[in-house]
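Please work from the sequences and hints to get the whole structure.
Chain residues, written in single-letter form:
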Amino acid sequence: MLDVRGCRLAFGGVKAVDDVSISVAEGSITGLIGTNGAGKTTLFNIVSGFLKPDAGTIRFRDADITADEPSSIAGRGILRTFQTPVGFPRMTVMENMLVFSSHDRARRRSLFAGTGVPRETLAAADVILADFGLQSRRDSWVQDLSAPDLKMLEFARAMMASPALLMLDEPAAGVNPALIESLAGRIEALRRQGVSFLLVDHNLRFVCSVCDTIYAMADGRIIAHGAPDQVIRDPRVLELYIGKGAQRRNEKPEEGDVKQ
Amino acid sequence: MSGLALFLVSILSLGAIYAVLCLALNLESGVGGLWDLGIVSFFGVGAYTYALLTAPPAADYQAYILGFDLPVWVGAIAAMLAGALCALLIGPPTLRLKREYFLITTLAFAEVIRQLLTNENWLSNGVGGIYGLRPPFRDVFDPATYGVVMLGMLLAGLAVVFLISRHLIAAPFGRALKAIRENEPLAITAGIAPKRQNLMVYVLAGSMSGLAGVFYIWFNTIVTPGQFTSDVTFFVWTALIIGGLGSLRGALVGGFVFVILHDMLRFIPVSGEAASTVSSLRTVLIGMVLIAILRWRPNGIFPERPVKFPPTAPPVPAGAKAMVSDNA
Chain R
1 MLDVRGCRLA
11 FGGVKAVDDV
21 SISVAEGSIT
31 GLIGTNGAGK
41 TTLFNIVSGF
51 LKPDAGTIRF
61 RDADITADEP
71 SSIAGRGILR
81 TFQTPVGFPR
91 MTVMENMLVF
101 SSHDRARRRS
111 LFAGTGVPRE
121 TLAAADVILA
131 DFGLQSRRDS
141 WVQDLSAPDL
151 KMLEFARAMM
161 ASPALLMLDE
171 PAAGVNPALI
181 ESLAGRIEAL
191 RRQGVSFLLV
201 DHNLRFVCSV
211 CDTIYAMADG
221 RIIAHGAPDQ
231 VIRDPRVLEL
241 YIGKGAQRRN
251 EKPEEGDVKQ
Chain F
1 MSGLALFLVS
11 ILSLGAIYAV
21 LCLALNLESG
31 VGGLWDLGIV
41 SFFGVGAYTY
51 ALLTAPPAAD
61 YQAYILGFDL
71 PVWVGAIAAM
81 LAGALCALLI
91 GPPTLRLKRE
101 YFLITTLAFA
111 EVIRQLLTNE
121 NWLSNGVGGI
131 YGLRPPFRDV
141 FDPATYGVVM
151 LGMLLAGLAV
161 VFLISRHLIA
171 APFGRALKAI
181 RENEPLAITA
191 GIAPKRQNLM
201 VYVLAGSMSG
211 LAGVFYIWFN
221 TIVTPGQFTS
231 DVTFFVWTAL
241 IIGGLGSLRG
251 ALVGGFVFVI
261 LHDMLRFIPV
271 SGEAASTVSS
281 LRTVLIGMVL
291 IAILRWRPNG
301 IFPERPVKFP
311 PTAPPVPAGA
321 KAMVSDNA
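Protein chains in written order, with our numbering: chain R, 1 to 260; chain F, 1 to 328.
The set of hints was computed from the structure by calculation and includes no laboratory data.
Please note: incorrect hints may appear among the correct ones.
Stated by the list, open to error - For lysine-lysine, the following DSSO-like pairs were computed, each having C-alpha atoms within a straight-line distance of at most 30 Å:
{"hint": "1", "chain 1": "F", "residue 1": "98", "chain 2": "F", "residue 2": "195"}
{"hint": "2", "chain 1": "F", "residue 1": "308", "chain 2": "F", "residue 2": "195"}
{"hint": "3", "chain 1": "R", "residue 1": "15", "chain 2": "F", "residue 2": "308"}
{"hint": "4", "chain 1": "R", "residue 1": "52", "chain 2": "R", "residue 2": "15"}
{"hint": "5", "chain 1": "F", "residue 1": "308", "chain 2": "R", "residue 2": "52"}
{"hint": "6", "chain 1": "R", "residue 1": "52", "chain 2": "F", "residue 2": "98"}
Stated by the list, open to error - If the Cβ cut is set under 7 Å, some of the chain R residues that face chain F in the computed set are:
{"hint": "7", "residue": "74"}
{"hint": "8", "residue": "108"}
{"hint": "9", "residue": "122"}
{"hint": "10", "residue": "137"}
{"hint": "11", "residue": "139"}
{"hint": "12", "residue": "174"}
{"hint": "13", "residue": "175"}
Just so you know, these numbers come straight off a predicted model, no measurement behind them.
By construction, the Cβ of each residue, glycine as well, lies at the ideal position given by its N, Cα and C atoms.
So, in structure tokens, the structure goes:
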């Protein structure tokens, strides 16, 4: 459904993204791994329209979205998250949800739309908030939320938006290890509802457990791609994460995990 | 009416005009995130549009265009449209800029407009201004009580602007503005187009300020470029910060509190020589109140409050929780 072809973007002399081609199949969970500075977030910014590539095309469901405004890309059903989930601080949790609702999306350009929110919209938001344990914070300002609650709200907003493609930038970062498993469960549940995923994360165990396909990036390039256990056994990827000679020292990475 | 009553009526009238400006500024700068330092532009353009359309043709010793002697309501609608049109012209270049860059550019545009009104004699009679503009229903009522009628009209106008403003803020339109103010990149991912949303609110604030310009002429019956210096912009900002940025009640109250503070010193009995010194203390007093507010009540008299939505499920009584989840 998402097809990135030959994308390049340089900042001055630094080739942040250098001839990158990736694709996300309908209904799949695709992962993107790589060290800091590999160009993963830049690629996210290009796909979501916040940065324009120097060359290359981005197609989503057979439409060329390379030159589109980020807001209209979002309108097509691509929702991305940010590494630091701050939300809208001086708006309530419920308002944060409503901004992502289809109710608001259809009416925010109108000066004559009513001020009331239909009961079904509020109820749908309440169900999601209860699921994420945020119901008691519903009418509080987001700036008063704890960091874990902010993270939960980020997923709650994403569910409210019900996108076709959800791009998660480090969803497991700062999440309590016990909760990472439940996070994986939620991603899987959403996939069953028809949502496709592109996600970036540094937690390889998490990425390998949820993803069908993984792309590994280094210095702006894709250096490996394929099924998770295949990619993390790739010598170039091993070298990236644990240095040269890794294969010799670590002959059997059987648990599908790489010690960092 | 006694002198004090007349003075009170006049203060409240001016307060109502400032409150309209505060509501306009609150919509774009409190709810939206546009730091507009050119709110006086639309105030002045509205006032002059109204004056030029409703004034009689220019006399021999005057020079201004139009002078169609049109009815009050035509002038008022035209003033709102002119304020909106002015925002529509200034908006596209300035809204590309963020925060302090937007602020300085809007300040510059306001100054350009004031200089035009000052120097283009053929357009606006220059510094001479236009005098003797008759407010509505002036002939119908007894001149002694007309001040009260005027106050009634201004309060009615203020009420309309307040209701429109309240509606816009609570609607999805206002929620999108707040989202842009709070976190523009995240707002974009929700499908909000900041450029379009910002231009819409800028034009709305422009037409509200244009209407405030009409009210100002009703109150003053004269119009000169000197009434539209950037002082007005700073006064409205001060009033809004004292009242509470982002809060409807704050905007409403801020305008009145500001005008009352500003004119309070008129009551001090002083000699003629000391009068000018005392009147210049007005700005000092306002400044001190502003500092006090920022120190002890930084979010204003009525700070912005979280918006409450009605609960969708009846509250679950303690102890019954397990039962409910079993049924679900």
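Going down the list of hints, with the structure as the test:
1. 98/F - 195/F: holds, 11 Å
2. 308/F - 195/F: holds, 28 Å
3. 15/R - 308/F: violated, 48 Å
4. 52/R - 15/R: Since the Cα atoms of residue 52/R and residue 15/R sit roughly 14 Å apart, the hinted pair holds (cutoff 30 Å).
5. 308/F - 52/R: violated, 39 Å
6. 52/R - 98/F: holds, 20 Å
7. 74: This interface hint holds because 4 Å falls under the 7 Å limit.
8. 108: Nearest chain F Cβ about 4 Å off; hint holds.
9. 122: holds, 5 Å
10. 137: violated, 11 Å
11. 139: holds, 5 Å
12. 174: Check failed: Cβ of residue 174/R comes no nearer than 17 Å to chain F, outside 7 Å.
13. 175: violated, 19 Å
Figure legend: structure checked against the earlier numbered hints; hints not met, in rising order: 3, 5, 10, 12, 13.
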